[in-house]
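*Asks:* As a plain string of letters, each chain reads:
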Amino acid sequence: MDERKMIYIHPAPVRVWHWINAVGIVLLVITGLQIRFAEMMNLFSLEEAINLHNYIGFVVIGAYGLWASYYFGTGKIKLYFPNPKTFICDCKTQIQYYGMGIFKGDPNPHEMTPDNKFNALQKKAYLTIMFILLPIQMITGLFLWRIKKFEDYIDLLGGIKIVDTIHVILFFFFFVFVFVHIYLSTLGHTPLAHMKAMFTGYEEHH
Amino acid sequence: MFQKYKQLACCCIAFLLFIMLYPYTALSVENDECMDCHGDDSLERIESEGMKEGLYLEYNKFKYSVHNVNGITCVDCHSDIEELNYDNEIPHEASLAIVNCDGCHEEEGEAYLNSVHRKAKGKGISIPCYACHGYHYVSHLEADSVFERENGFCLKCHNPNKFHDWLPQKETHFAFVECTVCHAPEVPRYINLRFFDLSRNKFLSGEELLKGLNTDYDGFMPLVDRDGNGIISVNEFNDMILILRHKEVRGTFHGELLVHLEPIVHHVNRGGANRECEQCHIPSSPFFQDVQISLNKPDGTTAQFSVERDVLETYYVSHFYALGGTRIRLLDKIGLAMLVAGAGVVVAHLTARIVTIPVRRKRKLEEKV
Chain H
1 MDERKMIYIH PAPVRVWHWI NAVGIVLLVI TGLQIRFAEM MNLFSLEEAI
51 NLHNYIGFVV IGAYGLWASY YFGTGKIKLY FPNPKTFICD CKTQIQYYGM
101 GIFKGDPNPH EMTPDNKFNA LQKKAYLTIM FILLPIQMIT GLFLWRIKKF
151 EDYIDLLGGI KIVDTIHVIL FFFFFVFVFV HIYLSTLGHT PLAHMKAMFT
201 GYEEHH
Chain E
207 MFQKYKQLAC CCIAFLLFIM LYPYTALSVE NDECMDCHGD DSLERIESEG
257 MKEGLYLEYN KFKYSVHNVN GITCVDCHSD IEELNYDNEI PHEASLAIVN
307 CDGCHEEEGE AYLNSVHRKA KGKGISIPCY ACHGYHYVSH LEADSVFERE
357 NGFCLKCHNP NKFHDWLPQK ETHFAFVECT VCHAPEVPRY INLRFFDLSR
407 NKFLSGEELL KGLNTDYDGF MPLVDRDGNG IISVNEFNDM ILILRHKEVR
457 GTFHGELLVH LEPIVHHVNR GGANRECEQC HIPSSPFFQD VQISLNKPDG
507 TTAQFSVERD VLETYYVSHF YALGGTRIRL LDKIGLAMLV AGAGVVVAHL
557 TARIVTIPVR RKRKLEEKV
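Chains H and E, in that order, are what the protein sequence lines are. Per the numbering used here: the first sequence = residues 1 to 206. Per the numbering used here: the second sequence = residues 207 to 575.
No wet-lab data here; the hints were simulated from the structure. Model, not experiment: these values are computed from the prediction. Hints are not guaranteed to be accurate.
[What the hints assert, rightly or not] Take a look, some chain E residues computed to stay more than 10 Å from chain H by CB distance:
| id | residue |
| --- | --- |
| 1 | E264 |
| 2 | D286 |
| 3 | H370 |
| 4 | W372 |
| 5 | E377 |
| 6 | E484 |
| 7 | E514 |
| 8 | F526 |
| 9 | I534 |
| 10 | H555 |
[What the hints assert, rightly or not] In silico BS3-like pairs for lysine-lysine, Cα to Cα no more than 25 Å straight-line:
| id | chain 1 | residue 1 | chain 2 | residue 2 |
| --- | --- | --- | --- | --- |
| 11 | H | K104 | E | K376 |
| 12 | E | K568 | E | K267 |
| 13 | E | K325 | E | K267 |
| 14 | H | K196 | H | K124 |
| 15 | H | K149 | E | K574 |
| 16 | H | K5 | H | K92 |
| 17 | E | K376 | E | K362 |
| 18 | E | K417 | H | K149 |
| 19 | E | K267 | E | K417 |
| 20 | H | K76 | H | K148 |
| 21 | H | K148 | E | K376 |
| 22 | E | K408 | E | K503 |
| 23 | E | K417 | E | K503 |
| 24 | H | K104 | E | K568 |
| 25 | E | K258 | E | K408 |
| 26 | H | K76 | H | K104 |
| 27 | H | K149 | E | K408 |
| 28 | H | K124 | H | K85 |
| 29 | H | K148 | H | K5 |
| 30 | E | K368 | H | K148 |
| 31 | E | K453 | E | K417 |
| 32 | H | K78 | H | K104 |
| 33 | E | K376 | H | K149 |
| 34 | E | K327 | E | K362 |
| 35 | H | K5 | E | K453 |
| 36 | E | K329 | E | K362 |
| 37 | E | K408 | H | K104 |
| 38 | H | K5 | E | K362 |
| 39 | H | K148 | E | K258 |
| 40 | E | K368 | E | K408 |
Where is the CB? At the ideal position from N, CA and C, for every residue including glycine.
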C-alpha cells in the first residue's frame with residue numbers, strides 16, 4: 001500500500017515571493033560580482049551592472065513586502081519562531097540527523113506540516129535571515145543607492161566604508177547561502193522533492 | 207683743474223641717475239593712490255546700457271590676494287595707466303584696456319587658447335580670465351575643497367544636473383570629484399586627504415593637526431615617515447592616527463579627487479570627458495595612484511605629503527570609497543574564505559551521501575524483508 005500523501009505546504013503568495021526572491025538574489029549576486037570585480041568580469045558594463053543591481057534590488061525589496069504582508073497578515077509568521085522550550089533539543093536532533101542519520105537512512109526527525117513546516121535549524125536560519133540579515137542588506141543597499149540622500153544616516157553608521165563593508169559581507173553570505181540552500185533543497189526523500197513542492201505547493205508526505 | 211673734472215663727473219652721475227630713475231618716478235603709481243578713490247564704497251559708474259558698475263575695491267581683501275602678496279601692483283595689471291592727472295575729474299582714462307593676464311600667465315593662456323571656453327567666442331560669448339577667477343581678490347586654490355573649487359568656478363555658469371543623468375550617483379560624484387578630473391583629462395589628479403576632527407566636527411587646519419602631533423611642518427615627515435622613504439606607508443599612517451588619539455584628537459581622513467593646479471587645467475574641451483566607469487572603478491585605476499595628505503595653511507596654500515595608495519583601503523579613510531576602485535581587498539579574502547567553507551561543507555556532505563548510498567540501500571532492503 002502506498003503511504004504517500006500530498007500536503008499543501010507552500011501557499012501561492014509564498015511561492016511567488018520565493019521565486020521572485022530567488023531569481024532576484026541570484027541576479028543581485030551576479031551584478032554585485034560585476035560591480036565589485038569590474039576588472040575581472042565582463043558580463044556587463046559597470047554602468048549597466050549598477051543600474052540592473054539597483055532595479056533588481058527594488059524588486060527584492062518589493063518581494064520582501066509581499067512576504068511580510070502575507071506572513072504577518074495571516075498570522076503565519078509564527079512559523080518562523082522556534083519553541084524556546086524545545087529549541088536546543090530540536091537543534092541537536094536535527095544536527096545529528098544531517099550529520100549522521102541522513103547517511104544511515106534514518107527518517108527526518110522533523111515532520112513537515114502546514115503549521116510547522118520548518119525544522120529547528122531552518123527556523124533559526126530563516127528567522128535570522130528574514131528579520132535581521134535581509135533587512136540590513138536592503139537598508140545598506142538603499143543607502144548605497146543614493147549616498148548623498150542618505151548621507152546623515154551613513155555618517156551615523158560611521159561612514160560609507162562601514163556601510164559598504166556590511167553590504168559586501170552580507171553579499172558574500174547570500175552568495176554562499178544560494179549554494180547551500182540549493183544543496184539543502186536536495187535533502188528531501190528524493191533530490192528534487194522540495195524543489196517540486198516550491199513550484200506546486202504540495203509536499204509529498206510519507 | 208681736478209675740481210673742474212670732479213664737478214663734471216658729479217653732473218654726469220646726477221644726469222645718469224635722473225635718466226635711470228625718470229621713468230620710475232614719472233610712471234610709478236602707488237596702490238595707495240588708487241585706493242584714494244577706489245577705497246570709496248560709493249564709487250561707481252553708469253555704463254552705456256544704463257547699468258551701474260561698482261568701482262570699489264575692498265582693500266582688506268585685496269591685500270591678501272595672491273597678486274598683492276607677491277608684490278603685483280594695480281598698474282602692473284592696469285598697465286595702460288601711465289600717470290594720474292589730478293586736474294581731471296577722473297585722473298586716468300575712464301575706460302581702461304582689458305587686463306592681459308597672459309602677459310604673466312603664458313602657459314595658462316596657451317592651454318586656454320584651444321579650450322571650449324575660448325572657442326565660445328565664435329558664438330559671441332567672451333569668457334575672460336576674470337569671469338572665473340574674479341578681479342582683485344584672486345586667492346590660492348590649492349587648499350580649496352571640491353565644493354569650494356566648483357562653487358568658485360564651474361558652477362557659476364554650469365548646472366551639472368542638466369547633463370549627468372547617465373551618471374550613477376551623480377550627486378556623490380559632484381561632491382567628491384572635481385569637474386576637471388573628468389573634463390580636463392590631461393591634468394594630473396590626486397586623492398586629497400584632509401583630517402576631519404569628529405569631536406570638534408570640523409576639518410583641522412595644518413597647524414591644528416600638527417599641534418596634535420606636537421610637531422611643525424618641517425618635523426611632520428621625520429615624525430610620521432619613520433623609514434624615511436618619502437612616502438607614508440599604511441603602518442606609518444595608522445601610527446600617526448594613534449599618536450593623534452593619544453592626544454585626544456579623534457577623527458577620520460576625508461578624501462576627494464582633485465586635479466593638480468597646473469596650466470593645462472585650462473584645457474577643457476567638449477567631448478573630452480571620461481565617461482567609462484571602468485576607468486575609475488578598478489583598483490589599478492590611475493586616478494588613485496597619487497594620494498596626498500594636505501595640511502592647509504591660512505593663506506590658502508597647502509603642504510602636501512605623499513601617502514601609499516593602500517591607505518585608501520583602511521577604515522581611517524572611512525568617508526571616501528570608490529566602488530571597486532578603492533575596495534577593501536581584505537573583504538574579498540573573507541568572502542573567498544566564506545565561499546570555500548560553504549562549498550566545502552556542501553561537497554563534503556554530498557560526497558558522504560554518495561559514499562553511503564549502499565548503506566541506505568541495504569537498510570531499505572532489510573526493512574522491506
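*Asks:* A separate judgement is required for each hint: does it hold in the structure or not?
*Replies:* Evaluation of the provided hints:
Under the 10 Å C-beta cut-off, the non-interface status given to E:E264 relative to chain H holds; the minimum distance is some 35 Å. Annotated as non-interface, E:D286 keeps its C-beta farther than 10 Å from every C-beta of chain H; the closest such distance is 48 Å. Every CB of chain H lies more than 10 Å from the CB of E:H370, the least distance being 12 Å, so the non-interface label holds. With a minimum CB-CB distance of about 7 Å to chain H, E:W372 fails to clear the 10 Å threshold, and the non-interface call is violated.
With a minimum CB-CB distance of about 4 Å to chain H, E:E377 fails to clear the 10 Å threshold, and the non-interface call is violated. A beta-carbon of chain H comes within 10 Å of the beta-carbon of E:E484; the shortest separation is about 5 Å. Every beta carbon of chain H lies more than 10 Å from that of E:E514, the smallest distance being close to 17 Å; the non-interface claim holds. Its closest Cβ contact with chain H, about 7 Å, brings E:F526 to no more than 10 Å, contrary to its assignment away from the interface.
For E:I534, the non-interface assignment is contradicted: its Cβ lies about 7 Å from the closest Cβ of chain H, within the 10 Å cut-off. A beta-carbon of chain H is positioned within 10 Å of the beta-carbon of E:H555; the least distance is around 7 Å. The straight-line distance between the Cα atoms of H:K104 and E:K376 is roughly 59 Å, outside the 25 Å bound, and the hint therefore fails. With a CA separation close to 96 Å, the supplied pair E:K568 and E:K267 exceeds the 25 Å bound.
Straight-line distance between C-alpha atoms of E:K325 and E:K267 comes to about 32 Å, which puts the hinted pair past the 25 Å bound. Using a Cα cut-off of 25 Å, the hinted pair H:K196 and H:K124 holds, with the two alpha carbons roughly 24 Å apart. With a CA separation close to 67 Å, the supplied pair H:K149 and E:K574 exceeds the 25 Å bound. Taking the CA atoms of H:K5 and H:K92, the gap is near 28 Å; set against the 25 Å cutoff, the hint is violated.
Distance hint between E:K376 and E:K362 is fulfilled; the C-alpha atoms sit about 18 Å from each other, no more than 25 Å. About 35 Å separates the Cα atoms of E:K417 and H:K149, which puts this hinted pair outside 25 Å; it is violated. In summary, the hint linking E:K267 to E:K417 is not supported, as the alpha carbons are separated by about 28 Å, beyond the 25 Å threshold. Straight-line distance between C-alpha atoms of H:K76 and H:K148 comes to about 38 Å, which puts the hinted pair past the 25 Å bound.
Pair hint H:K148 plus E:K376 holds up; C-alpha atoms about 9 Å apart against a cutoff of 25 Å. As the CA atoms of E:K408 and E:K503 are separated by approximately 15 Å, the hinted pair is consistent with the 25 Å bound. At most 25 Å may separate the alpha-carbon atoms for a hinted pair to count; E:K417 and E:K503 meet this at roughly 13 Å. Of the pairs offered as hints, the one joining H:K104 and E:K568 holds, with about 10 Å between alpha carbons and a cut-off of 25 Å not exceeded.
Between E:K258 and E:K408 the alpha-carbon distance is near 40 Å, which puts this suggested pair outside the 25 Å criterion. Restraint check: the Cα-Cα separation between H:K76 and H:K104 comes to about 34 Å, which exceeds 25 Å; the hinted pair is violated. Proposed proximity of H:K149 and E:K408 is supported: the alpha carbons are some 21 Å apart, at most 25 Å. For a cut-off of 25 Å, the pair hint linking H:K124 to H:K85 stands: about 14 Å separates their Cα positions.
Between H:K148 and H:K5, the direct Cα distance comes to roughly 56 Å. Violation of the 25 Å bound is thereby established for this hinted pair. Simply put, E:K368 and H:K148 have alpha-carbon atoms about 18 Å apart, close enough for the 25 Å limit, and the pair holds. Distance restraint check for E:K453 and E:K417: the Cα-Cα separation of roughly 9 Å lies within the 25 Å cut-off, and the hinted pair is therefore satisfied. With a C-alpha separation of about 32 Å, the suggested pairing of H:K78 with H:K104 is violated against the 25 Å cut-off.
Of the pairs offered as hints, the one joining E:K376 and H:K149 holds, with about 11 Å between alpha carbons and a cut-off of 25 Å not exceeded. Annotation: proposed proximity of E:K327 to E:K362 holds, straight-line Cα distance about 18 Å (limit 25 Å). Between H:K5 and E:K453 the CA atoms are separated by roughly 73 Å; this puts the pair beyond 25 Å, and the hint is violated. A threshold of 25 Å between alpha carbons decides the hint, and for E:K329 with E:K362 the separation of about 19 Å falls inside it, so the pair holds.
The straight-line distance between the Cα atoms of E:K408 and H:K104 is roughly 66 Å, outside the 25 Å bound, and the hint therefore fails. In summary, the hint linking H:K5 to E:K362 is not supported, as the alpha carbons are separated by about 75 Å, beyond the 25 Å threshold. Annotation: proposed proximity of H:K148 to E:K258 is violated, straight-line Cα distance about 41 Å (limit 25 Å). In summary, the hint linking E:K368 to E:K408 is not supported, as the alpha carbons are separated by about 31 Å, beyond the 25 Å threshold.
In terms of the numbered hints stated before, the structure departs from hints 4, 5, 6, 8, 9, 10, 11, 12, 13, 15, 16, 18, 19, 20, 25, 26, 29, 32, 35, 37, 38, 39 and 40, listed from lowest to highest.
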